[in-house]
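Engineer: Okay, here's what each chain looks like letter by letter:
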Amino acid sequence: MEHLDLLRAWIPGRLDDFLFYLLAVMAIPMALGVLFDRTIIRSGFLLIGVFGSICGLFLVLQAQFLALAQLMIYAVGITLVVVIALMLTNPKLEKEAQPGTAHQQLGSFLVAGALFFTIYCALRSESWPLSSEAVSPDVQTIGMALTTTYALPFEFASVLLLAALVGAIMLAKAERAISDKEEPSKEAGEQNQPATLFERDTTVSSTRR
Amino acid sequence: MIANAAEIRKFTILSWGWLTIIFGLVWAVSWLVGVAIPLLLANVQADWARLVTEICQVLTPLVAVMVFIPINAMFMVLAERRALALFTVRKGPNRVGPDGFLQTLADALKLLFKEDITPRGADAFMFTLAPIIFFAPSIFGALPLLAAVTNNHNLFQVVNLPTGIFYVLAVSSVPVVGIVMGGWASNNKYSLVGALRSAAQAISYEIPLVLSIITVCLMAGTLDVVKIAEMQKGGLLNWNILGGGALSGLNKYFQALAAGQADAHQMLSQYYPDWGSVIATVVLIACTVLLVGIYLTGACAEINRIPFDLPEAESELVSGYNTEYSGIKFAIFFLAEFTNLFIVSTIATVMFLGGGDCPLPDWLNPLTNPAVTQPVGKFFSFFTDRIHLIDPSTFFPAIWVIIKVYALVFFAILVRGTLPRFRIDQLMAFGWKRLVPLSLIIFVLVTFAKGAVRLHV
Amino acid sequence: MFDWVEQLFRGIWQSIVGLYEIRRGLGTVAMHALRPPTTEVYPDIVPPLPAHFRGRLALTVNPETGEHLCISCRQCERVCPDKCIEITAHKSPETNKLELIDFKIDHGLCMFCGLCTEVCPTYCIINTNDFEMADYTRESLVYDLKKLTLTQEESAYYFDRKENPLPKPKPAKAAPAAQGAAPAAAGKAATAEKPAPAGAGQTAQTKAATEGESAKEAETKSPDAQVAPEAPPKLSNDEGKSDEAKPENESGEGPRQG
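Residue numbers (my numbering), protein chains in the order written: chain P, 1 to 209; chain D, 1 to 457; chain H, 1 to 258.
Keep in mind the hints are simulated off the structure, nothing from the lab.
Even glycine gets a Cβ: it sits at the ideal position worked out from N, Cα and C.
Honestly, I wouldn't trust all of these hints.
To be verified - Part of the chain D face toward chain H, derived, beta carbon under 10 Å: (1) ILE2; (2) ASN4; (3) GLU7; (4) LYS91; (5) PHE411; (6) LEU414.
Said to hold, decoys possible - Here are the simulated distance ranges between beta carbons: (7) GLN62/P - THR447/D: 23 to 33 Å; (8) THR12/D - GLN62/P: 47 to 57 Å; (9) VAL63/D - ALA134/H: 41 to 51 Å; (10) ARG10/H - LYS173/P: 16 to 26 Å; (11) ARG23/H - ASP362/D: 28 to 38 Å; (12) ALA134/H - PRO420/D: 34 to 44 Å; (13) LEU61/P - ASP425/D: 36 to 46 Å.
Construct the complete structure from the given sequences, taking the supplied hints into account.
Structural biologist: Printed below as a string of structure tokens:
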């Protein structure tokens, strides 16, 4: 960024602010769009856009590694998988959704308000000293912090991910077990060639196990 | 001698002609913007002159990339068609211009003038946005590599980031969003299926790809592409493909032997003190060779090239995610695909093949001999010192990078001419059951072997 | 118990074998780059076509004299499965023989089966080696007598290539003056650039028709000697038939026309 010094002098002290507001102007309408767009897949894509803008915010705040991790894992990895899951499930989802009753709306409004208030209080309880020093964007620093100071949260995160992986494997396994149980009835029927081929395949693998 | 010498000669002439045009133009543009304008304005004392100079220097890498991408894609399409023709005993396009030299230029012009159709029922906004999201990362993703392939030239230092390779990987994972978006917005079953396949494939194969790159970064101890390229200087034995620098002690030993030093053997025992280090070296070499294979496989899948071109399998889906696209939008998809091929080849060159390093070690290379270089340098001093047209410390590395990158591209074309397409379940099984465990095992092996031997001494 | 070890090693071995096979495939494909291309550079170099190639239909003239060989026997018209040939002829009042007025072939209908060339008694209608007949309208695919008739040189070329027996010169019973005229006509045709009997008018065609008739009569006298050894037996059969039909030819032409 030191190459932009002169440019920054020309727009005195406002380049960061300008970029921040630009990204905010991009992010907030997209976030609203995630909520209010009737097409659920469109709102999925808008969510990717929101994460992209937040990645830009991190870049403005000199947190390169965080920004790139945000882009790679949240914007592309996770949200895209969510969008694909939406595509694979019922495409007429948005048409079946009905507006809630007044009762439900009041309840959800109260819950959302309480959550917002809690988060606001939590944020205000911490002091946020403004420092002009740029945080070192070194990956080494982040790595050291993760493995020493923040080792426990890191481990918790890894346990969470492990649980998710085990859950995914269990889901896949359950399907397999059902298909194993269904096999004999299919074999008794022996209706079409592809089914028998499939059965032969699974029986071989089950004996191998 | 060779029955096909005439065709091979034509192909060679065509390739060198196009390469000269491409890199000559890029060179001229970056010199004009980055050197000539600041030189002209050097004597002007006004504020605006300094501002223009700054802006020029900031814009140079971007302009160079913007000039490079379309011409390079045109060349690569032509080279691919001609090379495939060679492999399949055909002639290839040879009608437009001398020996088909201008074929892709004509194709590009035709695509630009074609009608731009948005299908009925399509989401027009996303339909337009998709090619842009697909193409933009290939411009911005390549920027940090510019510094690495030009031996950290002053003009391109701006774009070098401390998170170098991570930035490249993160940005080059974005195009899949464009594919899914385009496939969904087209309102076409084939497009949607192609897009879903592409996403599944890209997410699966990104893991081994990133793991292989991370392993190299682990050996190098940095994410900075320029530093990784600089570490590998000094000949073939220093390259990451051969043990990630584990053989650089051997390189030093050979150098000492060639110089006739008496304590050369002592040097060898200093770098490889015990059997453990020798075993670690062998393990590292095996691991890095496998890593290159994993990287190339993952990269092939990531950019949807044969044998992993399931997203646009012509025999099943009409043309995959870009079925409904026409005119300039299709041209952008096409452009980005070939640019991505170039970018992954460049990453492989920088990370594994020593960047702009000559394969010959310094002690064998006559070109580094001062007796040769000094008179030649004097001859070109007007270009090098007065108008800064040529920077010898950038020129030769750039030539080597060009040779290596296009050799990898040619290899990709050869693979395309040879291997058939995967089936989708085979593809997933190969990715998750073979490549991911293999790259994890290599990661662990390298972590241990790295401790037993000194890398990049 | 150690199944997984065995499986692991088998897997590794299979990967090695697979990699070797892939390398072999890549090598094979790379070696193909050294073979000369099999591409036909068609518009630049026309590939050599065999003599029996069935291209555009055409009518030959006598290569020596330039007279039209068609005798208006309508065998081709009758045998054509697509009915794409249309012959207009009338009986000349003076000689009481058939005169060819027009010969139309619709190449848009023709399927290039070559049956007409096999039945032609005088080897007049032939399949040329020309196949570039693309055009903009269907009407332009209907070729008339002028477009169909070949020049003398072309006729000579195709008679030579297809090894068809050359038409006999004038029979002996014709007047000696006419016999003398034949070489003279040949000489005239050789000097002229385009003999083009089609444009020569009614009388010339009448002459050609009568001369073709007489040439055929000459053929009937020694049929076996004239049939080329390569000619299929069917052809000679046809000739035999036409020989038998010959005596009726003078009187019984009317019903055949109708």
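Engineer: Hint by hint, say whether it matches the structure.
Structural biologist: Quick rundown of the hints versus the structure:
1. ILE2: 5 Å, holds
2. ASN4: 5 Å, holds
3. GLU7: 6 Å, holds
4. LYS91: Constraint on LYS91/D satisfied, holds at 4 Å.
5. PHE411: Constraint on PHE411/D satisfied, holds at 9 Å.
6. LEU414: 6 Å, holds
7. GLN62/P - THR447/D: 23 to 33 Å: Hint holds: Cβ distance 30 Å, inside 23 to 33 Å.
8. THR12/D - GLN62/P: 47 to 57 Å: 48 Å Cβ-Cβ, so the 47 to 57 Å window holds.
9. VAL63/D - ALA134/H: 41 to 51 Å: Since VAL63/D and ALA134/H have Cβ atoms about 49 Å apart, the given range 41 to 51 Å holds.
10. ARG10/H - LYS173/P: 16 to 26 Å: 24 Å, holds
11. ARG23/H - ASP362/D: 28 to 38 Å: Once the Cβ atoms are compared, 32 Å apart, the range 28 to 38 Å for ASP362/D and ARG23/H holds.
12. ALA134/H - PRO420/D: 34 to 44 Å: At 37 Å between Cβs, range holds.
13. LEU61/P - ASP425/D: 36 to 46 Å: 44 Å, holds
Checked against the numbered hints given earlier, the structure satisfies every one of them.
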